[in-house]
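Protein chains: 2
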Amino acid sequence: MIKLIAIYKKPEDTVAFDTHYNEVHAPLAAKMPGLIKLEVNRIYGGPMGDSNLHLIAEMYFETKEALTEALNAPEGRAAGKDLMGFAGKLVSMHFAEVE
Amino acid sequence: MIKLIAIYKKPEDTVAFDTHYNEVHAPLAAKMPGLIKLEVNRIYGGPMGDSNLHLIAEMYFETKEALTEALNAPEGRAAGKDLMGFAGKLVSMHFAEVE
Chain R
964 MIKLIAIYKK PEDTVAFDTH YNEVHAPLAA KMPGLIKLEV NRIYGGPMGD SNLHLIAEMY
1024 FETKEALTEA LNAPEGRAAG KDLMGFAGKL VSMHFAEVE
Chain V
964 MIKLIAIYKK PEDTVAFDTH YNEVHAPLAA KMPGLIKLEV NRIYGGPMGD SNLHLIAEMY
1024 FETKEALTEA LNAPEGRAAG KDLMGFAGKL VSMHFAEVE
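Chains R and V are the protein sequences, given in the same order.
In the numbering used here, each residue's number is its place in the first sequence (first place is 1) plus 963.
In the numbering used here, each residue's number is its place in the second sequence (first place is 1) plus 963.
Calculated directly from the structure, the hints in this document are not laboratory data.
Don't take every hint at face value.
For identical chains, the list gives no copy identity; a pair is met inside one copy or between any two copies.
[To be verified] In silico SDA-like links for lysine to any residue, alpha-carbon gap of 20 Å or less:
no.: 1; residue 1: LYS1000; residue 2: ASN985
no.: 2; residue 1: LYS1000; residue 2: GLU1062
no.: 3; residue 1: LYS1052; residue 2: MET964
no.: 4; residue 1: LYS1044; residue 2: GLU1025
Isolated chain R (complex conformation) (with noise of 0.2 Å):
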């Protein structure tokens, strides 16, 4: 299994944020073809108190190919287009293999 991980740092306003990403952002990346589940992880803290993260939004893949080509889709540019727009200097994207 492959994922798509984005790890998103605290915004300043988490209401704001937490709206934008429930009502817009998730339903877009949630049209990307191929797309077998959207896990969403909402960081509450850490070890040590507090967490810098706010969220870690993990999507599956069945193959590393599409992964990409879901990126490339239509709907992956969307959800691209959308995520730098609100999120670009909080995000930070990854692709993992799942052992």
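Chain R is already provided as a structure; the job is to place chain V on it using the hints.
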């Protein structure tokens, strides 16, 4: 479901890191009481080509309380001590609620 998420940046020596992670650290982490699943995500790139990350480990627990108890148990402390020894400068740890 609750996750303890460990995010590792790329080490200088990936072979030495992977050897220690696979042969020493993961078996120690797997002994934590209440652990339901340990999932290892090996990072192989990102949308811009490379990624600054090497590995993301996700440890699943039933409740926030079970995670706290696991970290405070002797097995959790042993895993934490080992972690700081081999990856203290590379790792960040986060608590997450899964939707």
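Going through the hints against the structure:
Proximity of LYS1000 and ASN985 under a CA criterion of 20 Å is satisfied intra-copy only: 15 Å inside one chain copy versus 27 Å between copies. Proximity of LYS1000 to GLU1062 under the C-alpha cut-off of 20 Å is found in both arrangements, the shortest distances being 17 Å within a copy and 12 Å between copies. With identical chains, the CA atoms of LYS1052 and MET964 are never at most 20 Å apart, being 28 Å at best within one copy and 29 Å at best between copies. Proximity of LYS1044 to GLU1025 under the C-alpha cut-off of 20 Å is found in neither arrangement, the shortest distances being 24 Å within a copy and 36 Å between copies.
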